[in-house]
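We have chain H already, so just place chains E and L on it with the hints.
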Amino acid sequence: MQRTLTQLAPQLVTLAAVVLLVWVVFPGFLDIRLVDGRLVGPVIDILKRGAPVALLATGMTLVIATRGIDLSVGTVMAICGAVAAWAIDGGFGLGGALALAIVAGLVAGLWNGTLVAIVGIQPIVATLILMTAGRGIAQLITEGRILTFTHDGFAWLGSGTLLAVPVPAVIWVLTGIAAALLMRRTALGLLVEAVGINRRAAALAGVNATVLLIAVYMASGLCAALAGIITAADIRGADANNAGLWLELDAILAVVIGGNSLLGGRFSVAASLIGAMIIQTIDTGILLAGFPSEYNLVIKAALVLVILVLQSPRFAAEWRTWRAARAEPRPAGQVQEDAP
Amino acid sequence: MLTIRSLTKRFPGTLALDDVRFDLRAGEVHALLGENGAGKSTLIKCLTGAYRPDGGEIRLDGAKIAPRSTSEAQELGIGTVYQEVNLLPNLTVAQNLCFGREPRRAGMIRTRAMTRAAQDMLDPYGLDIDVTRDLGHYSVAIRQIVAIARAVALSGKVLILDEPTASLDAREVKMLFDVVRGLKARGLGIVFVSHFLDQVFDLSDRVTVLRNGRHIVTEDIAALDRLSLIEHMLGHALETEVADHATSHDAVIARPEMLTFRGMGRAGVVGPFDLDVGQGEVVGLAGLLGSGRTESAEYLFGLRSGGTAEDIKGPIPIDTPRKAIAAGFGFAPEDRKTDGIVAELSVRENIALALQARRGWARPMPRAEQQRLARMYIERLDIRTSDAEKAVGDLSGGNQQKVVLARWLAMNPRFLILDEPTRGIDVGAHAEILRLIHELVGEGMSLLVISSELDELIAVADRVIVVRDRAHVAELTGAEIRADTIVRAIARHDEIGEVA
Amino acid sequence: MTIRTLLSAAAALALTAGMAQAQVVGFSQIGSESGWRAAETTLTKQQAAERGIDLRFSDAQQRQENQIAAIRSFIAQGVDAILLAPVVATGWDSVLEEAKEADIPVVLLDRQVDSSDDLYLTAVGSDLVHEGQVAGEWLVSAANGEDCRVVELQGTTGSSPAIDRKTGFEQGIAGHDNIQLVRSQTGDFTRAQGKEVMESFLQAENGGKDICALYAHNDDMAVGAIQAIKEAGLQPGEDILVVSIDAVPDIFQAMAAGEANATVELTPNMAGPAFDALAAYWKDGSVPAKFIQTESKLYTPSDDPQAEYERRKDLGY
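Chains as they are written, first to last, in our numbering: chain H, 1 to 340; chain E, 1001 to 1500; chain L, 2001 to 2317.
One chain only, chain H, in its complex shape (with noise of 0.2 Å):
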């Protein structure tokens, strides 16, 4: 615990610094409130909002701890958010509704996994392929408008709340913990970071290379269906042309946020869960601080940019030999404050 919180230490204080930021230009923003039964306040509604991202981020961190990456994530989320509200109209019920959308997004990590790891197509290639042509399948699903339903059963998870807690916030949190756990409590993390370290020698130790990244590919399919059913379910619609769009791109973000490389090997879940946080944080702070929206994506390039040259290594490094300097001459017994 104590090691996996010294691990964590860079991205935990990132996130307190944008939460700080975002305090500053908007008082009212740690307020958290009981109205009805459910919390209410702008931290609930990142924990809330950041599901998508954070589910995303969660199958992106084992995709690109393979050396792979998943740009189909956004489209698969249009086509599974699709499939869910055309079964849920189409009266197969709640259960076989989550079940067929789950379903579409493991048959599309298949494809990609199947493109990567035996047809030999580079990841990059491999998934844009479905990330383009995926977003016509879900508009063949919607016939081109949004999808519209009343379930409330459905609805609730995207705007239900479990102990007065959103239901999103629920299972990416949910999600995160369990594929934390199966990759670090089973040998799975340690396989998959062998494989994207060196495929060739993990395979020459048996690994079994080409089963674990279709397996990777079908994780990320998986959260990618979580994700698009929590959208379709919080808009009660599948709105194909928008659900996800560019979503990839912030999932990738959010795992390079976390500290994990984008060369494979060693990963953290939970960093990059904590990245998908700080860029919601920035996301939902532009919105409370009532900027012309004209504005929006300047700050949020701004603030990313600031966050990742701090994390750059050669920063790090210059830091500690600063640090490293002015520490020297302090008379002895002074206490020195230590951040790792």
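Mixed in with the good hints, there may be bad ones.
[Said to hold, decoys possible] Below, in silico cross-link-like pairs of lysine to any residue (SDA-like), each with a Cα-Cα straight-line distance of 25 Å or less:
#1 K1064/E with L1087/E
#2 K1337/E with G120/H
#3 K1390/E with S1346/E
#4 K2313/L with G93/H
#5 K2166/L with P292/H
#6 K1337/E with R199/H
#7 K1174/E with H1195/E
[Claimed, not checked] The following label-pair restraints were derived from C-beta to C-beta distances:
#8 L94/H with N2206/L: 32 to 42 Å
#9 E2065/L with D1128/E: 42 to 52 Å
#10 T1477/E with R3/H: 48 to 58 Å
#11 V13/H with D2314/L: 33 to 43 Å
#12 S1305/E with V107/H: 24 to 34 Å
#13 P1366/E with V298/H: 26 to 36 Å
#14 S1305/E with T186/H: 23 to 33 Å
#15 K1064/E with Q7/H: 36 to 46 Å
#16 E2065/L with T132/H: 42 to 52 Å
In short, the hints are calculated from the structure, not lab data. Just so it is clear, CB atoms sit at the ideal spot from N, CA and C, and this is done for glycine as well.
Quick look at chains E and L alone, frame taken from chain H:
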């Protein structure tokens, strides 16, 4: 003309060049020979400015030089042509020849002047081609000659040809050699690197052999025969060793047969060959680089598929590494860095990897168990690391090799393939690994050892199979395992030589 | 080869059409990128059927070259008129000239082109600024002189509907100091963004208690925002007035439930006025104005929203 004295180049963990000397006269072709890792390419990279030597000096026409880049070496007069031609196939021949010094007027390239200059450059080579066509349009041989023309025009004193004939057919080789002889007549000094011994004898005036980063011999080609050249390359002083090893192999020990391989390989790659391995037996695989010895191992471990395997209980499937591992096989590959270690993972994780892969993902090895395993092998193989959590990529080459060995020993395999187990490893670790091999055999493990080091094979092998020209050509057992017999089997050219 | 086959087939078609004595109109539609456009297609077909017009429909799938090819084919068929919803504004000169030489009147639907206006008969479309203005004026009357703090959900930043509908709304409320635009953010015309941005408005404005009305640049964002308002424990339509633009079926459903107060129609029935103008032109050659503005009709709960929903839900929105 070119003189190199006491050249030394150190890499972390290895001494790539150790007090090497080399001379090149004007108007000679000087072959540079050695097995992989002997230091040929390091020497060339020092000459062309790609590496900075750690010690020694290079003199060109008596003046001390220290090129810091390829272009600086070119300005000094040293040009290089590699096997993979370093020109741009999508530019025209003329553009390639004049690249970087195009005739210009007011900043604009004068195409016609460039075409004429290019034709002038190619004239001495008797090459009549359309220089305005893309280079990629022409054959590799012509590209080589264009590259030579460019290197000669730029440098003009020393020309280094690094494996220039690897992808040429016989006619093209002849064409290239005519060009090289012409340059020789013009007074250039030519360094010729090749592992085709026929070509070395055909073209060279003198030969220098390197082994393990050391200078072994420099001799007129006329004073050497094939056999002695190979002896120099593989490093064996015949007279001293023969008696020594004849004693240790005086009897062929009968062993219970454990594994039989039939029809391994595929035409064009290696074989097909048959192989029987007894329990506790060490089979050595000898042969020059590129002879097909590594490919043989790849068939045995399921990296390539072809052939069948059987043990006393019946057929065993080995068409993928996973199946081979399930059958109790292990493989420590030749290229540790790309095929062996997982650099960013810790020593502990690297050792546990194969065991974990066999247990399956759902049954993780407890951390304590992994640590126990890592501690045990760190001690047993004397792996030098600050602790088991250090990334393997940070260890020296010899210790990386021990980690790969530990990974397989942890599996307790019945048949372990070691491809060049001691390459690039310092002397101490070398001895430890040989000792370890003896120990494993004592425990009943069967081994296949591939090595360029004859001493090593003779020291460990019960039986030596010689691979030449992509086929298993000889099998030596017992007292037959001597350096001279092995070298003869490797060297035997078209004529049939006697194998002891 | 194929072109010749096509032409002869087209000629045969034109011949049969001529014998049936019905007017033949070609319609080159952009595609079906949105529900609104699907509804426009459906309505155009309906209008043609009602008037006994033989409509030749061509879906260009968002490509101008497909549209140009369709128009040439219509000309070759000798149709009596062409309806064109142009995918882009430029590059129409030559094909419009061909139509003019063949004496076939062209009517532009809902989008304009950059060609000289003597190359087409007329253009039917809505006025985006006017739509915003109608919404603003409705709010002025609804506020009835009391102070009202308004939040605005803009369309995609920089798009012409977003700019014009904002301008129009500001014109509509100009001179009424009791109405104050306090927050304005983009919701990208999507339901999900509309909901998310509305949530932040609610947080920023005292849990929504300080907001009197919401103005959304399209109905989809309003539908998302209505859910956000409900989830914040407020009653949309009462605690916060909701006015938006487009009049898609879902907003009528909300209106029927008392959760939305007004929507300004961007009618997908561009074909009705177009066919009217064509009928007059065919009858006595009377040339209509160069721009026919469709009505920006305001719908409120008094317009029987449930019936409006039923009427629209099958148009393909």
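How the hints compare with the structure:
A threshold of 25 Å between alpha carbons decides the hint, and for K1064/E with L1087/E the separation of about 30 Å lies outside it, so the pair is violated. At roughly 22 Å between alpha-carbon atoms, K1337/E and G120/H fall within 25 Å of each other, so this suggested pair holds. For a cut-off of 25 Å, the pair hint linking K1390/E to S1346/E stands: about 5 Å separates their Cα positions. Simply put, K2313/L and G93/H have alpha-carbon atoms about 23 Å apart, close enough for the 25 Å limit, and the pair holds.
Straight-line distance between C-alpha atoms of K2166/L and P292/H comes to about 13 Å, which keeps the hinted pair within the 25 Å bound. For the hint pairing K1337/E with R199/H, the CA-to-CA distance comes to about 12 Å; that is within 25 Å, so the pair holds. A C-alpha spacing of about 17 Å is found between K1174/E and H1195/E, which places the hinted pair at or below 25 Å, so the restraint holds. A hinted range of 32 to 42 Å holds for the C-beta pair L94/H and N2206/L, which are about 36 Å apart.
Between E2065/L and D1128/E the Cβ separation comes to about 49 Å, which falls inside the hinted range of 42 to 52 Å. Between T1477/E and R3/H the beta carbon distance is about 56 Å. The supplied range of 48 to 58 Å therefore holds. The hint said 33 to 43 Å for the Cβ distance between V13/H and D2314/L, and at roughly 56 Å that hint is violated. A beta carbon spacing of about 30 Å between S1305/E and V107/H agrees with the range 24 to 34 Å that was offered as a hint.
With their beta carbons about 51 Å apart, P1366/E and V298/H fall outside the hinted range of 26 to 36 Å. Between S1305/E and T186/H the beta carbons are some 31 Å apart, a value that agrees with the proposed interval 23 to 33 Å. Remark: the range hint 36 to 46 Å for K1064/E to Q7/H is contradicted by a beta-carbon distance near 52 Å. Range check, E2065/L to T132/H: about 21 Å between beta-carbon atoms, so the 42 to 52 Å window is missed.
Consistency with the previously given hints fails for numbers 1, 11, 13, 15, 16, ordered from lowest to highest.
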